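Going line by line, the protein sequences match chains A and B.
Under my numbering, the first residue of the first sequence is numbered 4, with each subsequent residue one higher.
Under my numbering, the first residue of the second sequence is numbered 2, with each subsequent residue one higher.
No lab work stands behind these hints, which were simulated from the structure alone.
Source: prediction; values computed, not measured.
Careful, some of the hints might be misleading.
For lysine-lysine, the following PhoX-like pairs were computed, each having C-alpha atoms within a straight-line distance of at most 25 Å [unchecked claim]:
| no. | chain 1 | residue 1 | chain 2 | residue 2 |
| --- | --- | --- | --- | --- |
| 1 | B | Lys-302 | B | Lys-520 |
| 2 | B | Lys-173 | A | Lys-99 |
| 3 | B | Lys-383 | A | Lys-200 |
| 4 | B | Lys-405 | B | Lys-457 |
| 5 | A | Lys-85 | B | Lys-212 |
| 6 | B | Lys-212 | B | Lys-302 |
| 7 | B | Lys-520 | B | Lys-457 |
| 8 | A | Lys-200 | B | Lys-212 |
| 9 | B | Lys-383 | B | Lys-427 |
| 10 | A | Lys-85 | B | Lys-213 |
| 11 | A | Lys-135 | A | Lys-182 |
| 12 | B | Lys-186 | A | Lys-99 |
| 13 | B | Lys-217 | A | Lys-200 |
Quick list of the computed label-pair ranges, beta carbon to beta carbon [what the hints assert, rightly or not]:
| no. | chain 1 | residue 1 | chain 2 | residue 2 | range |
| --- | --- | --- | --- | --- | --- |
| 14 | A | Glu-95 | B | Glu-167 | 22 to 32 Å |
| 15 | B | Arg-511 | A | Thr-64 | 43 to 53 Å |
| 16 | B | Leu-166 | A | Ala-129 | 32 to 42 Å |
| 17 | A | Gln-94 | B | Glu-167 | 23 to 33 Å |
One-sided and incomplete, this derived list gives chain A residues near chain B with beta-carbon spacing under 10 Å [to be verified]:
| no. | residue |
| --- | --- |
| 18 | Arg-32 |
| 19 | Ile-35 |
| 20 | Gly-69 |
| 21 | Gln-87 |
| 22 | Trp-89 |
| 23 | Arg-96 |
All residues carry an ideal CB built from backbone N, CA and C; glycine is no exception.
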Amino acid sequence: MSAGSGGDGGLESSLEASISSSCSFGVSRARIFKIIVIGDSNVGKTCLTYRFCTCCFPERTEATIGVDFRERTVDIDGERIKIQLWDTAGQERFRKSMVQHYYRNVHAVVFVYDITNMASFQSLPAWIEECKQHLISNDVPRILVGNKCDLRGSIQVPTDMAQKFADSHSMPMFETSAKNTNDHVEAIFMTLAHKLKSHKPLILSQPPDNMVELNSGPKTLFPCGC
Amino acid sequence: MQEGRRARGTGAGWKRHIIRQLKHRDRTQNARFHDVIHSYNKLLEKSTLLKQLTETIQTEPGSRFHDEAPGPPGVPETDGQQKEMEELDTYNGKLAFEACEMRARIQAQEDVMRIQNTRMADLSHTLESQINQKNQLLDDLAWIVATNADLKEDYDHVHRQKQGLEAEYQSKVVALLAITDDIMKRKAADAENQNELNDRRKEELWRRHCKKALRKCVSSDAGLEHTQTAGGTETSGSAEGEATVKKTRSQSMISLGTSRFMGTIRNVLGFSFRKGKVDLPREEPWHCSPNVCVLCCVPTKALCNKEVHESEVHAVQFSPNSRTVATGGADRVIKIWNVNHGMLQVCRTLEGSGGGITSIEFDPSGLQILASSFDGAAHLWKLDGKAYESLTGHTGKVTAAKFKMSLYRAVTCSLDRTIREWDLQKAACIRRISVSSYCSDVVCSDYYMISGHHDKKIRFWDSRSESCFREVTLEEKITSLFMDQEQGQLLSCSRDDALSLFDLRSSNVRQVFRADGFKCGCDWTKAILSPDGSYTLAGSADGTIFIWNTRTGLLERSLNGQHRASVNAVTWSMSGDYVVSVDRGKMAVVWSDY
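Isolated chain A (complex conformation) (with noise of 0.2 Å):
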């Protein structure tokens, strides 16, 4: 039983009289790459998303509860793709009910620490944990950004540890900064898509000629210049 589409068929039938008399609901014809934004609390996952769905940085943020949504509609190749960025909960106690919902026909995964707190980094294993609990197939594409690289004086995680950490995982990882300026954040994002878009892997055991290799890519293409 198509649980979906049958529950409601009055909507059912209404859509496929749309199709065969071929007008247009008002639904939007722009594919939807639904990425969900997973880290500890307080490494800056809301800065990133408004960051990149706003070009602003919110100088103001409070502990996000269950799940905020941010969208952002790019033109990839000529195609309109909609980005839908899930900016979850970091704090167990908002986001205990949610994590079935998060992980429910995510098209990729950002796991987010503050490379300023190595608490955050430390308990990576265990976010990529609960991914790997959640989602069925294997090949949802996932990314490790550090945040906060514009404060210099304050790292603790080093980049090689996390680069390591990241290879053991076979996720690209990018150091960026949400408050900067800079444009890291939305080509980060804007990558993710890319590679969605066309299915191309993120990391390649053996890169072709003319493809981008993510692996050791963000360090040479997107030096973290805060």
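Go by the hints and put chain B onto chain A.
Positioned in the frame of chain A, the structure of chain B alone reads:
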């Protein structure tokens, strides 16, 4: 006197003697001394008078005068007075000396007293000052006590305030928790909604994409490419998502029921979709549910209305590949029709039955047709060859014949109150079960057979034994039974104008479908479930097709205007997009949504 004394000691007689002597002496001597005694007494009187006088002058205690011994009686008067005067002078001197001494002593005492007075004065000053201090301290103490009492009052007040604030804080914390819970619930609902919205959008996009694909002109060479590109561009079928495990990106089973698309693919690729190669060798056992329909479209309009037989049409059935329909009726033939865009085109006619056809069933490969007929036999036609077999043995009209889901077995039931199981290779009856009532329909699952009877009972038979392990009684005669693909639900139609849906796993009635205007037309009216199990369809005595939603139990749609007679049987294609109904007025109608 001395004689007197000496006389005393000679004894008692001598005492009187002594006493006479004394008295004598006294008388004799007394005269000589009488003048002296007299002058002495006078002197004594003067001296006492002087004494008194000096006492009045000097206020000294008369202690000093103790020394003034009265002169012995024998002292002459002037000498005595002179001596007295000297004595008095010395005594005076002494007294003066003593007076000076006394004065000095007085002075000293006065000094001492003065000193003591000053000391006393000092002490009294000190005492005063101490008293003052004490008073001061008492005042201070009183003030402190008063201040303390004030402070205590303030403290109590503040303490009460604090308690009040704490209680408020506790209540606020509880309220905060409640609000947080509320927000969390809402957020969860939001997330669910967003997920559902995403799913719907994805589906919508899918449909659009498929629609676009339909418009493409497909040639046989391009066909393969077409499926592959069509398959590869999008992630696995959204509509299939809920029913099956989410597939990974590399698989690309397109499973929407868009008829033309499917039809095109089928035509081009030439195989039964999702099944694999059609030419099953006979020896290969077929698996239980070869086709999974995932999306059923409720038909809305009739595409074709055609006279298909020369008499009443009793049975209609889609083939598993959803391309052909077989109809059979009282004119004793089965006609096979191709369904092309909703139009029926006759393909073949199967003859050989001696009586009217009561039910038709395809085997999962679509190559064999098993039909039961009024002549007491079930007939098996094979569509690839021309071989034809009949299963004879019943003594009454055979009302239903179904393939059993194992090698070459079939089950028939008949109005002779028996259910028979046949081996199709030998075309012989293997088993015969006697029942107490006319059997109107039978369905087979892997493990048991279910038969519906005129005595209002549905009986469940174990495949191996002849025992009926369960009986379900309904209100009226059972006219038809239908089991869904997953063998979890059984739909029965009975003459009380109700369809009952049983859940076979929990063995209870899940839903009963009724509708105004729905009447069971005859003793063999057929009701069916849609291939995905979400709708129930039956034809009514007035020619209207009723469609119910199995989940809600409510009437979804009723289609009328096509049949002019009572609808006998209905069938729904496995692809979900066509419904064919046949009636007593020789007509067959093809319904669809497109």
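Right, here's what the structure says about each hint:
no., hint, in the structure
1, B/Lys-302 / B/Lys-520, "holds, 21 Å"
2, B/Lys-173 / A/Lys-99, "holds, 22 Å"
3, B/Lys-383 / A/Lys-200, "violated, 50 Å"
4, B/Lys-405 / B/Lys-457, "holds, 24 Å"
5, A/Lys-85 / B/Lys-212, "holds, 22 Å"
6, B/Lys-212 / B/Lys-302, "holds, 20 Å"
7, B/Lys-520 / B/Lys-457, "holds, 17 Å"
8, A/Lys-200 / B/Lys-212, "holds, 21 Å"
9, B/Lys-383 / B/Lys-427, "holds, 15 Å"
10, A/Lys-85 / B/Lys-213, "holds, 21 Å"
11, A/Lys-135 / A/Lys-182, "violated, 31 Å"
12, B/Lys-186 / A/Lys-99, "holds, 11 Å"
13, B/Lys-217 / A/Lys-200, "holds, 23 Å"
14, A/Glu-95 / B/Glu-167: 22 to 32 Å, "holds, 27 Å"
15, B/Arg-511 / A/Thr-64: 43 to 53 Å, "holds, 50 Å"
16, B/Leu-166 / A/Ala-129: 32 to 42 Å, "holds, 39 Å"
17, A/Gln-94 / B/Glu-167: 23 to 33 Å, "holds, 25 Å"
18, Arg-32, "holds, 8 Å"
19, Ile-35, "holds, 6 Å"
20, Gly-69, "holds, 2 Å"
21, Gln-87, "holds, 7 Å"
22, Trp-89, "holds, 8 Å"
23, Arg-96, "holds, 7 Å"
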